[in-house]
Amino acid sequence: EAGVTQSPTHLIKTRGQQATLRCSPISGHTSVYWYQQALGLGLQFLLWYDEGEERNRGNFPPRFSGRQFPNYSSELNVNALELEDSALYLCASRPSTDPYEQYFGPGTRLTVT
Amino acid sequence: LAKTTQPISMDSYEGQEVNITCSHNNIATNDYITWYQQFPSQGPRFIIQGYKTKVTNEVASLFIPADRKSSTLSLPRVSLSDTAVYYCLVGLSGGYQKVTFGIGTKLQVIP
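Here the protein sequences line up with chains P and F, keeping their order.
Just so we're aligned, residue 58 is where the first sequence starts under the numbering used here, counting upward by one.
Just so we're aligned, residue 184 is where the second sequence starts under the numbering used here, counting upward by one.
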């Protein structure tokens, strides 16, 4: 069974630009979560999508947004990038039948210069 | 959402049993306790989940006392490859809608 995939692996942007990160969940999983992990910090919840709808978001500014497509893949967009946005962005998916176990992708390392 | 408290770091020698305790004093009746493992530059990986008493799988054991205000992840005979960060999560019955994993416990296994 293929795991959660994310692209790109690394992304380098300059301050003020926009970044787009992509995630493909495990086949059959309808929920997708996005997390930010800054260096030395824990995972901070960003967004939760389920069945194409945004279900909840963490304490992040509106310039962090995303969407989930009909095939359940997801996209995270970060506008007006700031240096503090440099982090590992992790995507996780879970099946609708299990509310607890999330399966994580390898992450996208975003560097803002 | 139940807040959790874990030690920031632990060291252990290879072959020893490691116990990592997590405190969650305000755990709710419907909350389950879940542990994840994270290696550097990788996403967390589910280890074990429980509600009460003891749960064991091929990787670890989870001990939960009757009051459920704490839980202990037990890793038998650790090896160097068990060096990782371990997160304790206490979630809502509806899933981790707004969970922050926190800093976790950094376990360093020493040869």
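Among these hints, one or two may not hold up.
What the hints assert, rightly or not - Rough simulated footprint, nothing fancy, chain F against chain P, three-plus residues with beta-carbon under 8 Å:
#: 1; region: 67-78
#: 2; region: 131-143
To be verified - In the SDA-like style, the derived pairs of lysine to any residue whose C-alpha atoms are separated by at most 25 Å in a straight line are:
#: 3; chain 1: F; residue 1: K235; chain 2: P; residue 2: F117
#: 4; chain 1: F; residue 1: K186; chain 2: P; residue 2: L98
#: 5; chain 1: P; residue 1: K70; chain 2: F; residue 2: Y234
#: 6; chain 1: F; residue 1: K252; chain 2: P; residue 2: E141
#: 7; chain 1: F; residue 1: K289; chain 2: P; residue 2: F102
#: 8; chain 1: F; residue 1: K186; chain 2: P; residue 2: E158
#: 9; chain 1: F; residue 1: K252; chain 2: P; residue 2: Q101
#: 10; chain 1: F; residue 1: K186; chain 2: P; residue 2: F102
#: 11; chain 1: F; residue 1: K252; chain 2: F; residue 2: G198
#: 12; chain 1: F; residue 1: K289; chain 2: P; residue 2: E141
#: 13; chain 1: F; residue 1: K237; chain 2: P; residue 2: L96
#: 14; chain 1: F; residue 1: K289; chain 2: P; residue 2: L96
#: 15; chain 1: F; residue 1: K235; chain 2: P; residue 2: T154
#: 16; chain 1: F; residue 1: K289; chain 2: P; residue 2: K70
#: 17; chain 1: F; residue 1: K289; chain 2: P; residue 2: S143
#: 18; chain 1: F; residue 1: K237; chain 2: P; residue 2: T154
#: 19; chain 1: F; residue 1: K186; chain 2: P; residue 2: N116
#: 20; chain 1: F; residue 1: K186; chain 2: P; residue 2: Y157
#: 21; chain 1: F; residue 1: K186; chain 2: F; residue 2: S262
#: 22; chain 1: F; residue 1: K289; chain 2: P; residue 2: T154
#: 23; chain 1: F; residue 1: K186; chain 2: P; residue 2: L145
#: 24; chain 1: F; residue 1: K237; chain 2: P; residue 2: P118
#: 25; chain 1: F; residue 1: K289; chain 2: P; residue 2: E158
#: 26; chain 1: F; residue 1: K186; chain 2: P; residue 2: P65
#: 27; chain 1: P; residue 1: K70; chain 2: F; residue 2: R228
#: 28; chain 1: F; residue 1: K289; chain 2: P; residue 2: P152
#: 29; chain 1: F; residue 1: K186; chain 2: P; residue 2: R114
#: 30; chain 1: F; residue 1: K186; chain 2: P; residue 2: G115
#: 31; chain 1: F; residue 1: K235; chain 2: P; residue 2: E158
#: 32; chain 1: F; residue 1: K237; chain 2: P; residue 2: Y157
#: 33; chain 1: F; residue 1: K237; chain 2: P; residue 2: E141
#: 34; chain 1: F; residue 1: K289; chain 2: P; residue 2: Q101
#: 35; chain 1: P; residue 1: K70; chain 2: F; residue 2: K237
#: 36; chain 1: F; residue 1: K186; chain 2: P; residue 2: D155
#: 37; chain 1: F; residue 1: K235; chain 2: P; residue 2: L96
#: 38; chain 1: F; residue 1: K252; chain 2: P; residue 2: G99
#: 39; chain 1: F; residue 1: K186; chain 2: P; residue 2: K70
#: 40; chain 1: F; residue 1: K237; chain 2: P; residue 2: E158
No lab work stands behind these hints, which were simulated from the structure alone.
All C-beta atoms in this analysis are idealised placements derived from N, C-alpha and C, irrespective of residue type, glycine included.
We went through each hint and held it up to the structure:
Coverage of the region 67-78 of chain P by chain F is violated in this model, with 0 residues showing a Cβ closer than 8 Å to a Cβ of that chain against a need of three. Counting residues of the region 131-143 of chain P whose CB lies closer than 8 Å to any CB of chain F gives 0, so the stated coverage by that chain is violated, three being the minimum. Restraint check: the Cα-Cα separation between K235/F and F117/P comes to about 34 Å, which exceeds 25 Å; the hinted pair is violated. In summary, the hint linking K186/F to L98/P is supported, as the alpha carbons are separated by about 16 Å, within the 25 Å threshold.
At roughly 44 Å between alpha-carbon atoms, K70/P and Y234/F are farther apart than 25 Å, so this suggested pair is violated. For the hint linking K252/F to E141/P, the alpha-carbon distance of about 35 Å lies beyond 25 Å, and the restraint is violated. Between K289/F and F102/P the CA atoms are separated by roughly 20 Å; this keeps the pair inside 25 Å, and the hint holds. Between K186/F and E158/P, the direct Cα distance comes to roughly 19 Å. Compliance with the 25 Å bound is thereby established for this hinted pair.
Distance hint between K252/F and Q101/P is fulfilled; the C-alpha atoms sit about 24 Å from each other, no more than 25 Å. With a C-alpha separation of about 15 Å, the suggested pairing of K186/F with F102/P holds against the 25 Å cut-off. Under the criterion of a C-alpha separation no larger than 25 Å, the hint pairing K252/F with G198/F is inconsistent with the structure, at around 29 Å. A C-alpha spacing of about 24 Å is found between K289/F and E141/P, which places the hinted pair at or below 25 Å, so the restraint holds.
Distance hint between K237/F and L96/P is unfulfilled; the C-alpha atoms sit about 34 Å from each other, more than 25 Å. The straight-line distance between the Cα atoms of K289/F and L96/P is roughly 14 Å, inside the 25 Å bound, and the hint therefore holds. The hinted pair formed by K235/F and T154/P meets the criterion: a straight-line CA distance of about 21 Å does not exceed 25 Å. Between K289/F and K70/P, the direct Cα distance comes to roughly 30 Å. Violation of the 25 Å bound is thereby established for this hinted pair.
Between the alpha carbons of K289/F and S143/P the distance comes to roughly 22 Å, so the proposed pair stays at or under 25 Å and holds. Pair hint K237/F plus T154/P holds up; C-alpha atoms about 23 Å apart against a cutoff of 25 Å. Using a Cα cut-off of 25 Å, the hinted pair K186/F and N116/P holds, with the two alpha carbons roughly 17 Å apart. A threshold of 25 Å between alpha carbons decides the hint, and for K186/F with Y157/P the separation of about 17 Å falls inside it, so the pair holds.
Between K186/F and S262/F the CA atoms are separated by roughly 30 Å; this puts the pair beyond 25 Å, and the hint is violated. For the given pair, K289/F sits about 31 Å from T154/P by alpha-carbon distance, which is inconsistent with the 25 Å threshold. Of the pairs offered as hints, the one joining K186/F and L145/P holds, with about 24 Å between alpha carbons and a cut-off of 25 Å not exceeded. For the given pair, K237/F sits about 41 Å from P118/P by alpha-carbon distance, which is inconsistent with the 25 Å threshold.
Taking the CA atoms of K289/F and E158/P, the gap is about 21 Å. The hint holds against a cut of 25 Å. Proximity of K186/F to P65/P is assessed by CA-CA distance (about 33 Å); at most 25 Å being required, the pair is judged violated. A distance of roughly 29 Å separates the Cα atoms of K70/P and R228/F; the hinted pair therefore is violated under the 25 Å criterion. Only pairs whose Cα atoms come within 25 Å are accepted, and K289/F paired with P152/P is rejected, the gap being roughly 29 Å.
Proposed proximity of K186/F and R114/P is supported: the alpha carbons are some 18 Å apart, at most 25 Å. Simply put, K186/F and G115/P have alpha-carbon atoms about 16 Å apart, close enough for the 25 Å limit, and the pair holds. As the CA atoms of K235/F and E158/P are separated by approximately 17 Å, the hinted pair is consistent with the 25 Å bound. Between K237/F and Y157/P the alpha-carbon distance is near 18 Å, which keeps this suggested pair within the 25 Å criterion.
Taken as a hint, the K237/F and E141/P pair is broken in the structure, with Cα atoms around 41 Å apart against an allowance of 25 Å. Between K289/F and Q101/P the alpha-carbon distance is near 17 Å, which keeps this suggested pair within the 25 Å criterion. Distance restraint check for K70/P and K237/F: the Cα-Cα separation of roughly 47 Å exceeds the 25 Å cut-off, and the hinted pair is therefore not satisfied. A C-alpha spacing of about 22 Å is found between K186/F and D155/P, which places the hinted pair at or below 25 Å, so the restraint holds.
For the hint linking K235/F to L96/P, the alpha-carbon distance of about 34 Å lies beyond 25 Å, and the restraint is violated. For the proposed pair K252/F and G99/P, the alpha carbon gap of about 22 Å is at most 25 Å, so the pair holds. This hinted pair does not check out: K186/F and K70/P have alpha carbons roughly 35 Å apart, beyond 25 Å. Note on K237/F and E158/P: the hinted pairing holds, with a Cα-Cα distance of about 18 Å set against a maximum of 25 Å.
Hint compliance for this structure: hints 1, 2, 3, 5, 6, 11, 13, 16, 21, 22, 24, 26, 27, 28, 33, 35, 37, 39 are not met, and every other hint is.
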